[in-house]
Amino acid sequence: MKLTKSLRTLGLMAMLTVIVGTSVQQSVQAQTRSQNRTQPQAPVRCVQPKNFFFELQGIKFTPRQEAAYRRITAQGKKEANEFMKNVRTEVDPNAPIDQIVYKQGITEKIVQEIRDAQAAMTRTKVPPREQLKLLTEKFGQYAEFYQTPRLRFTPEQIAAREKRTRDREAQVMAILTPQQQKVYRSNLVIKRQIEACDTDKSDG
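Going by the numbering used here, the first residue of the sequence shown is number 2, and it counts up by one from there.
Hints are supplied without guarantee of correctness; some may be wrong.
If you anchor each label on the Cβ, the simulated ranges turn out as follows [claimed, not checked]: (1) Thr63 to Glu131: 50 to 60 Å; (2) Val190 to Asn82: 27 to 37 Å; (3) Lys110 to Thr63: 48 to 58 Å; (4) Phe54 to Val102: 30 to 40 Å; (5) Val127 to Lys61: 44 to 54 Å; (6) Arg186 to Lys134: 44 to 54 Å; (7) Arg124 to Val102: 19 to 29 Å; (8) Phe54 to Gln76: 15 to 25 Å; (9) Val102 to Asp199: 28 to 38 Å; (10) Val112 to Thr74: 15 to 25 Å; (11) Tyr103 to Glu67: 37 to 47 Å; (12) Val102 to Val127: 17 to 27 Å; (13) Gln180 to Gln113: 54 to 64 Å.
Just so you know, the hints here were simulated from the structure itself, not pulled from any lab data.
Every residue gets a Cβ at the ideal spot worked out from N, C-alpha and C, and that includes glycine.
Turn these sequences into a full structure, and let the hints guide you.
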């Protein structure tokens, strides 16, 4: 599940894209009318990836396709930034302390002391919130300690995110050759299997 979450987190900015350009919009609409061929209809079983998976693997763009894909990605990043402004975050009190921001000028000796202290507390199963308190009390003058916040999507945001993802897939499909489309469809089947492993879609 952690690998799936990481993939989703790494892929989030690329997934939240919109249709750009009139010609691309027309192609996407035609693709959608063609029975939404990028969207499998049957229930999908969870399959964890053995290696890092990229939905465009096995596809080599021409310069023209590369330019079109860059436009899709650039516009998508702008839309993603706006979308993410409204997504709530929360800190899980049981999440590990995985961000340490060291202040300027501290020595390697202090850095090692902090690492050793955190490792010792982890070994003795000190709760993360207590670790945060103790590390801040002892080393707060040298560094700041954080637990990474988690994204929490509402049902409406989940639906919007899913739609943007599928829109992007249709958009990419529209710039591919027929042979490339076959490869892309096969990749999307694998992608759906990976997505099926995520049982809590509210957790970013």
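Each hint, compared with the structure:
no.: 1; hint: Thr63 to Glu131: 50 to 60 Å; in the structure: 57 Å, holds
no.: 2; hint: Val190 to Asn82: 27 to 37 Å; in the structure: 30 Å, holds
no.: 3; hint: Lys110 to Thr63: 48 to 58 Å; in the structure: 55 Å, holds
no.: 4; hint: Phe54 to Val102: 30 to 40 Å; in the structure: 32 Å, holds
no.: 5; hint: Val127 to Lys61: 44 to 54 Å; in the structure: 51 Å, holds
no.: 6; hint: Arg186 to Lys134: 44 to 54 Å; in the structure: 52 Å, holds
no.: 7; hint: Arg124 to Val102: 19 to 29 Å; in the structure: 24 Å, holds
no.: 8; hint: Phe54 to Gln76: 15 to 25 Å; in the structure: 24 Å, holds
no.: 9; hint: Val102 to Asp199: 28 to 38 Å; in the structure: 30 Å, holds
no.: 10; hint: Val112 to Thr74: 15 to 25 Å; in the structure: 37 Å, violated
no.: 11; hint: Tyr103 to Glu67: 37 to 47 Å; in the structure: 40 Å, holds
no.: 12; hint: Val102 to Val127: 17 to 27 Å; in the structure: 21 Å, holds
no.: 13; hint: Gln180 to Gln113: 54 to 64 Å; in the structure: 55 Å, holds
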